[in-house]
Structure formats: C-alpha cells, structure tokens
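2 protein chains.
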Amino acid sequence: MDIEDLLMIPGPVHLHGRIIRAMVKQMIGHRSKKFSEIMEYCVNGMKKLFGTSKDVYLISGSGTAGLEAAISSFSKVKRITCIDNGKFGDRLGKIASRYTKTDVVRFDWGKPILLDDVEKSLAEGSEALAFVHNETSTGLLNSAEKIVKLAKEYDCLVIMDAITSAGGDVVKMDEWGVDVAITGSQKCLGIPPGLSAVAVSEKAWEYYNESCPFYLDLAAYKKKAKDNQTPYTPAVSLFFALEEALKMIEEEGLENRIKRHRTLSKAVRAWVEETGLEMFPQTNEVSMYSNTVTAIKMPNGIKDSELRGNLMKEYGILVSGGQEHLKGKIFRIGTMGNVGKRELVTTLAALEDILSRYINLKSGLHSAFEILREI
Amino acid sequence: MDIEDLLMIPGPVHLHGRIIRAMVKQMIGHRSKKFSEIMEYCVNGMKKLFGTSKDVYLISGSGTAGLEAAISSFSKVKRITCIDNGKFGDRLGKIASRYTKTDVVRFDWGKPILLDDVEKSLAEGSEALAFVHNETSTGLLNSAEKIVKLAKEYDCLVIMDAITSAGGDVVKMDEWGVDVAITGSQKCLGIPPGLSAVAVSEKAWEYYNESCPFYLDLAAYKKKAKDNQTPYTPAVSLFFALEEALKMIEEEGLENRIKRHRTLSKAVRAWVEETGLEMFPQTNEVSMYSNTVTAIKMPNGIKDSELRGNLMKEYGILVSGGQEHLKGKIFRIGTMGNVGKRELVTTLAALEDILSRYINLKSGLHSAFEILREI
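So the protein lines, in turn, are chains L and R. Here the first sequence is numbered in my numbering, starting from -19 and rising by one per residue. Here the second sequence is numbered in my numbering, starting from -19 and rising by one per residue.
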C-alpha cells in the first residue's frame, strides 16, 4: 500500500487539509487588487509572528533566500560577526563572507553560545551581528534576548534567523531590539516551502548596500510594498496558503499556538528521558531546548538506516537524521506547524516499536501522555 | 457574482484543472526518494523544452531569480553585452552591471534588434552576450539564431532569456549554440509562479564566478543535481505542478504545443488586422511577432482603464497593459500555457464588446475562427 507520508521533520512540515485546499484556486493576476489584499493580510499577520511593527517583505524563495536578502541588503558594514553553533549558523557566515568582512565565532554544534566569545569578536570592530534563534540542526534554542542585548552594547545591527521559531515560539523583534528577522514558510507557519519573510527596522537601512543581488535587493521590495505588491512575480499559490495559515493562527491564537509547540516538544523530551535515550544538545537548561525540533542521540545498537528506514517503510513517518558530521549520530523530531497530539503520539509509538527491536527500551509513552494533557 | 478570473496575460497564466489538482497532495520530504524521482522527471522534461542535452537546474524563485543565477554564476567575463529592446532586456543589463562591466545596446522598445549595433559592442571586447528571446513587454520575438551566430563569431558566452518562449515556441539551445538558457514556471509551462529553470552548457563553467550570490550559486545546484536534489529546500508543491505540466506536454507533443501557441497568436493577429487595430511591434515580418504574447496599440478614443477595467469587471478577463513608458499605450494578450480556442475566442469577443462602445470597430472574430480551425 502507498502510505501517505507523515512529516515529523523540522520542515517542510505536514500540511493541514485547510492549507492544501487553500491552494485549490484558479490563478489570479499578481498586480491585481485581489492579490494586493491577500498580500496586505499576509504582511500584517507576519508582523505579529515577528513581534514587530516594522516592515515585512515577502520573497519567493526558500528561507536561505530570505537570509541572503537580509544579510546582503544591509552589508554596508565594516565587519560582521556571525555566530555558528550549528549548520544554519555556519550558513550565515558563508553568506555574509560574500559581502563583507566576516568573523565567525564557532562553537561545537550542539553547544550553547558563550557570550564572552561573542563579545570578544564584537569588540574587534563589528558593526553587525547575525545569529540563529532556533538552531534546527542541533535542537538548541539560542538565548536571543541576551545575545541581542550584548550586540546593542556595541551598537551593532542585529540580524536574527527566526526561520524555525517565528510562529512556533516567542519572537519579540521590537522588544528585544532585533533589526532584521527572517522566517520561512515551510516551518512553524505550516505551509509548503517557497516563501520567506524578512522584517526590517528603519536602522537597517543605514547599512543598505546597493550592490546586493538584484533579486534579493530589499529596497526593491520596500518600493513595491507601499502598494502591497512585490517587485518580481510572486509565488501566488503559496500566498493563498499563507493567507489561510495566518487565519488559522489567528483562530488558534498565537499564545496558544506557542503553548502547543512547547507542550509537544516537552512531551518529546519527557519521552526521551523515560525511555533512557539521550538529548543531543549539551545543556541541562530546559530553556535552551528548542520548542520546535528535538535532537536525540542515536543510541548504540541501531543504525540511522534501521531507525529512520523502518519508520518510513512501515509507518510512512519521516523524522530527520543528523546533518553534515552529525549524520548517523542523531535523529530529530520536528514539532512544527499544525501537528498536534495525534501526530506526535503516533510518531513516538512507532519509534518505540522500531527502537525496541534493536535496543532495550523502557516505554516513554505514558510520560508523554501526561505532558500532552496540557493541550 | 464573484467571477473566477480568466488570465490572458503573459504570465502568470490560467491554470488547467489538472495542474491545480496536482498540487492537492500531502507534503513530502525534499530529501526523499519520492522527491528525487519527481525532480529527475522534471529535469528531463525541461531539457526537451530547452532543446538541450545539458544540465538543467531548478531554482525556487521567479524567472528573475533564474536570470540572476545565470548571469552572476558565469560573470567572470571581462565585459558583457546586454541587448535591450524591451523591459526584460533592460533587466538583463541591470542584473549584469552588478557583477561585471556591462555594455547595454539599446533599441526603442518594440523595435527589432539591429545586428550591426550588437556587433559593434561585441567587437569592443565582450566575452559574453545576454539577450531576451521573446520580449514579453513588446510582443517581439527576437531572432535568436542570428544573434547567437553573431555572438559565436566573437567566441562569446551566450545567455538567453527564454522565460516566455520555452515550452511555447521553438527553442533549440544546443543547435543554436546557446550556453545558458532560462525559463520560468508561470509562462508557457502553465503552472503557478515560483520556479525557474536554468540550462547550462559545459563552456559556461569556464566563466564561473564563485562570488555570485549564495542562493543563486549554480555550482551548489550542480553539486546536488547528481542526486536529483536541490541545495536549499525547494518549493515542493510547485514541483508537483511541474511534473503534471510536463506530463501534459508529453501527451500533447511539444510540436503540437508549439503549433497551438503559434495558431492562437496568429488568430490574435488576424483579429487585430480585421478589426482595424494596430500591432505594436515595429516590424512587418511575421517571424518577428511573438507567438506567446501579442502587443496591440491602444486605439484613440478608449483609455486603458476603460478597456481593461471593463473587461475585468464585466467578464472577469485579465489582459495586460503596457509597462513603464508604454503604460496606457498598448495592451497585451497572452496566449501561453494550457489555454486554447475557447479562452481565446472568449477574450476576443469580450474585447470587441468593450472596444465597440468607444470606437468604430469591424468585427474580427470570423478571421480568428478561420485561423483557429488549424488546431
């Protein structure tokens, strides 16, 4: 039988039927009033997820396109510090170094950021700091507030990758003092990949670099934003999906949504502890665990291909493996977007079934149930 | 009543029900075998539309993203000549000048390209030439074969914008000697906007510039293409649509499809002539008229807002106006993708209805009918 996949990866995520149906529409003109109305609604909705009253620009492209738009458009800085404690932090450095002098402050993947090391780099003359809020590759939630506070002491422009936090965890761009924040469509928003959003403060424009890429030049987006349009043809069907996603978020309430994400990931952690598995992030502080993706060490006695392979083959459930040097060493469960109790319990139960064939495992399901009663 | 729009613009185009239904699917993992199989099918299908056996890379972004990927990735040239006889030719120059020394050879929008002028620029030391095959803004089909032949005499790398020709008109990348060709999803392919494709010859890599934008760096796409993957999360639902579109093209047959596009645009031209309206492109050579979009002068006695406004209000049909300085001076009818006789006759009839309230107009419908009997 051809089982329909259940995606429990940190994006792209499982689609709610309402999202799929929202795209079942005839095409509309991208310069039409109809499109502008949708865009206006989307921009306003996105502002709430970023916790900002600033401009939000919508780019047709993946989250990486949004990151590069943010970094390159505001790259008229003498030097930028990029924090790398995971694959996506590493990516920030790779992007930034194409545009300006870049200092990458590296930590082992999975280890928390040490502010002293960041400060040392800032003190050497950085005018900007870029960091990842929720590091998808390791399941660590970096301490945004503290990092931004430090950067502000050095009067730095702050660029925050909120790709896997906005819409699923607390993001307070204005309150924290973030200048530029980025997110992607296929994560906590719960729609297909192909759209990214960039929120931009006034201050960022002081660092505007007109020789950034044409397609990613945020000045062109800003110019068209007044009329709720985009400079180049937007991915219209994904805007249909985004509109529906934001309606669903409004119905659920952003606070409830964040609580759901937190409870789901807390349940995963309770399950991990009870089963005797081990969390990958090297921290004991609960506040440092991601609330949208949980990274778990691959136990001895089972291979990645056995765990994730059988889970897909028998149950049609996809969880993620490790990336780069973490391949085979961890597996990751996404709890993002519009998934709930049912999808998570299914996933944990199926994981237990597979794992218990290879290793001694205590059931952790009841610990998860208990937590999940909160939602 | 809320009339569902009928898009008769040069992209995004009206969607066939099969395309819409192809996107009614649960999300799949972008690193899964399922996705790779779809991608492989899409890449092979796109090769046929480009007339090439070279690599084709699929980028999540609009056609402009594809253009910039092509130009920036291969910008290690001393100088590039860009031909501008319309808005999209102008765009090539704007993109190129961010990466290398650029000479723009300008012609009035709507006027054919004079090869002597191009040659003069090439002779001044250009190592690359970029031009638009089908100029959407003016309805002119530029003489690709002749332009490429000339560029090859100067041993230039040739980059061709085939955004509104590939899949709807004859494109023979390999036979003509084009090195890099680009197209977009929302044009002749007949799917929603948000994907672009870039076909790349081996020669192009001699000009690879590693400091091109990270997101648009074709070397990253090439590296992942071996495994039928993309470097960054692709717009998966648009790949579902592309797969279906390419199946439809295979069923129809590419030759038949091109014939359909040619017949539809020929019918528009016959209608224009019979009604007494005037074509915008300043040529009498039939081979220079676009077969995917027809640009018609706005007749005296009617304003753009009256013509296009009433057409939308009463019939729900959208045709395009002019862009930039052509605003209000022309209107454009797209005959792209999966539209046929029914959509075109509807459009021409509705246009006659509106036009005849403002100006004296002979009916041109029977001239169109006659041509349309060919398909």
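Derived from the structure by calculation, the hints contain no laboratory data. No experiment lies behind these values; they were computed from the predicted model shown. Errors might be hidden in some of the hints.
Intra- or inter-copy, both count: the list cannot distinguish identical chains.
[Unchecked claim] Think about it this way: if two alpha-carbon atoms lie no more than 20 Å apart in a straight line, the pair counts; the simulated SDA-like pairs of lysine to any residue are: (1) K132 to E258; (2) K67 to R11; (3) K293 to S16; (4) K132 to G105.
- Task: Measure nothing new, just compare the shortest in-copy and cross-copy C-alpha distances for K67 and R11 to 20 Å and report within, between, both or neither.
- Result: between (38 Å within a copy, 16 Å between copies)
- Tell me, please, which holds for K132 and E258 at an alpha-carbon limit of 20 Å: within, between, both or neither? Cα proximity of K132 and E258: none, with 36 Å in one copy and 62 Å across.
- Item | Homomeric proximity label, K293 with S16: Cα distance no greater than 20 Å | between (44 Å within a copy, 17 Å between copies)
- Query: How do K132 and G105 come out at 20 Å by Cα distance, when the copy is not named: within, between, both, or neither?
  - Reply: Intra 13 Å, inter 49 Å, cutoff 20 Å: intra-copy only.
The structure is inconsistent with hint 1 alone, although it conforms to all the rest.
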